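J.: Turn these sequences into a full structure, and let the hints steer you where they fit.
Residue numbers (the numbering used here), protein chains in the order written: chain G, 5 to 289; chain R, 15 to 393.
Treat the hints with care, as some may be off.
One side only, chain R facing chain G, incomplete, derived with CB under 10 Å [what the hints assert, rightly or not]:
#, residue
1, THR81
2, LEU184
3, LEU188
4, ALA189
5, ASN212
6, ALA236
7, ASP241
8, ASN252
Just so you know, these hints were derived from the structure itself, not from any lab.
Quick caveat: nothing in here was measured; it's all calculated off a predicted structure.
All C-beta atoms, glycine included, are put in the ideal place defined by N, C-alpha and C.
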Amino acid sequence: MERLDGRLGFWSAGPIALMLTAFFLAPMVVIAAFSVMPQRVFEFTQMPDFSSYRVIFEQRIYMPLVWSLGMALVATLILFVICWPLAFAMAKVFKRFTLVVTIGVVMTLFVSENIRLFGWILTLMRGGLIEGHLRAWTGLSFESPLYDIPAIVFGLVYVYLPFMLFPLAQGISMVPDDARQAAVDLGASRWRVLWEIELPLAAPGIMVGGLLTFVLAAGAMAEAKLLGGQAVVVISDEIETAFTFGQNWPLGSALAILLIAIIGSLAVFAVSRLDLDALMGRKRS
Amino acid sequence: MRISRRSFAQGAGSLAALGVMGRSARVLGQTSDELNILCWEGYNTDDVLGPFRDLHPGATVRAESGTSDPDMINRLRAGESNVWHLINVNQPWARAQLYPEGLILPLDQERFMPYFERMTPPYNGPYPLAIAPDGELIGMPQRYGPFSFVVNTDVISRDMAEDQGWNLFLDPALAGRYGILTYDNWNVMHMCITGGLNPFEPLDEAGFVTFRQIADQIFAGARLLTDDLVAMNTALINGEIDCYFTGGTYTASPARLDGLSNVRGITPRSGPINGKGGVVWAELTSVVNNPNASTLAPDFLEYVQAPDICKAVGFAEGTYNPVAQMADPDVLALWDEDELDAIQWDSLPEEMENSVEYDVVASYAELIEIYNAAKRERG
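T.: Quick look at the structure:
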């Protein structure tokens, strides 16, 4: 019976395995092969020389990677802090109103990211919705917050909020009310309940939300280009430049491989420490 | 397993041979019911494609707009020459890369040469960049436009901008008051010209040092960088900036057609390339060396020469541009006064006179590296 199960499992996994090989693994192999080729070649029939990796460190081309990872980390931390109260309310307080919040947040995803960011440009720019009205009503004015690093982080926080909010709400819903009440009955302060009961028990949701937002924010480009006026060059922009105007596919591939390696290691580490079944409520230990 | 240089080369050779076999298997194909066009925006609009589809009701005619010349060329290199039948990119690429790499095919001179007689100079004659070194005709020109920089003439007068030229961006008083439109290959060219260098000739070490200084200074003084011309025009109109580095009729025309005639493309009156400081682009449309060639590709090239289609191409959604065929009175008559103002028709001959052809930047590989480093480390 076990052998039959194994065989059925093997065959049913076949189509998805084939699809992943063709559409996920094959492009990765091509990118990996290009990354070790000499500079500015357009085919991988040359002798590998790994020069792109040397160039990345010699010419400090890793800086966009550092900026992307740094801003993604800051955005993830900010998102965690601002999403926690809302997620807590969605999981424990709002009841039916949770559906309204969910629909409201999900609706934003129906509009293209670029259009939403452009909306923020029109809101924040000089003479825009905020500064323009303030100047018209009071005569006061201020410099537009656009085209700087905080504007990029703001864009990341705004765009990736749903990806932190929903896993967090799911995680918080796993915290049994009995455990919190017992802690309070035993004299624990609100902070102690948060630190010793809620955060550890909601950890899978925090991990998923953090991972999703960090990975997406690390590869984001539109926020830096539109709101940030490219105050810093982010890694996805650097990769795009290498493939297009730079005409240097091996350099672009090596940068992509570095990004994939860092993000991939992080994802594998996080997922290995995560009990997804418990998070989805399918398993009770 | 150890991979020696020889065994690697053998393996790679086998892979390449497999690729060639794959291609040769399709070499004999020819179709008359399909046409795929990879182009700049404009050729993919219904105004342009609709009448052609009506002429060929059984054919599937598809056009996709690219985001940059190198991007479109990369797609052909990456194997999409099996997909596309026509490619429309700026003038230097056909002669410098597409034709030498065997990605495009020569056109029938007997069929297409007569169309050059209806074109405005320098495209009549015929246009030198449409002719390969071996004498073959490799593309047909249509849209063109001077492309240097754009100012808000309410703040910086046209006369002053044309007179100062690229030095405008080196003026400390303008620091923080301009943007850079990140059309990087254009910026490389324009930063050379700003530094008094001719980008179309190889640069020496001193030239690279000058280029780096200019790139550092221009990036450091920029208020914003974006590759989105709408975002850039918005910043210009709302007073975030007074001008932007790299731009012209192509980028200023949408704002001008909306009535904002203070947004104006500027061509400097002088510069380091035989006394000229402006650059003009022109698109060439070429037939892709597709193993499954389409007989509709040359038909389409002929079709876009008709006056109403010339207008549709020049005035497609997004940006508005003059077309080489406007030397023909029947074509010119289709533009009204506002539309001519949007494409700066009044100053076009003068701007063309002060511009040189967009060409391949001789030291591009080194310059783009320096440019990217300056961009990365800006501020």
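J.: Indicate, hint by hint, whether the structure satisfies it.
T.: Hints and how they fare:
Checking THR81/R against chain G: minimum C-beta separation of about 8 Å stays under 10 Å; hint holds. Here the hint on LEU184/R is broken, as its CB sits about 20 Å from the closest CB of chain G, past 10 Å. The interface hint given for LEU188/R is violated, since its Cβ lies 16 Å from the closest Cβ of chain G, which is over the 10 Å cut-off. Taken as an interface hint, ALA189/R does not check out: its beta carbon lies about 14 Å from the nearest beta carbon of chain G, beyond 10 Å.
Interface hint status for ASN212/R: violated, as the beta-carbon distance to the closest one in chain G is roughly 20 Å, over 10 Å. For the restraint placing ALA236/R at the interface with chain G, the shortest Cβ-Cβ distance is roughly 8 Å, inside the 10 Å limit, so the hint holds. The beta carbon of ASP241/R is positioned within 10 Å of a beta carbon in chain G (closest approach about 7 Å), and the interface hint is therefore held. Given hint, ASN252/R at the interface with chain G, holds; its Cβ is 4 Å from that chain's nearest Cβ, closer than 10 Å.
The structure fails hints 2, 3, 4, 5 (numbered hints given earlier, in ascending order).
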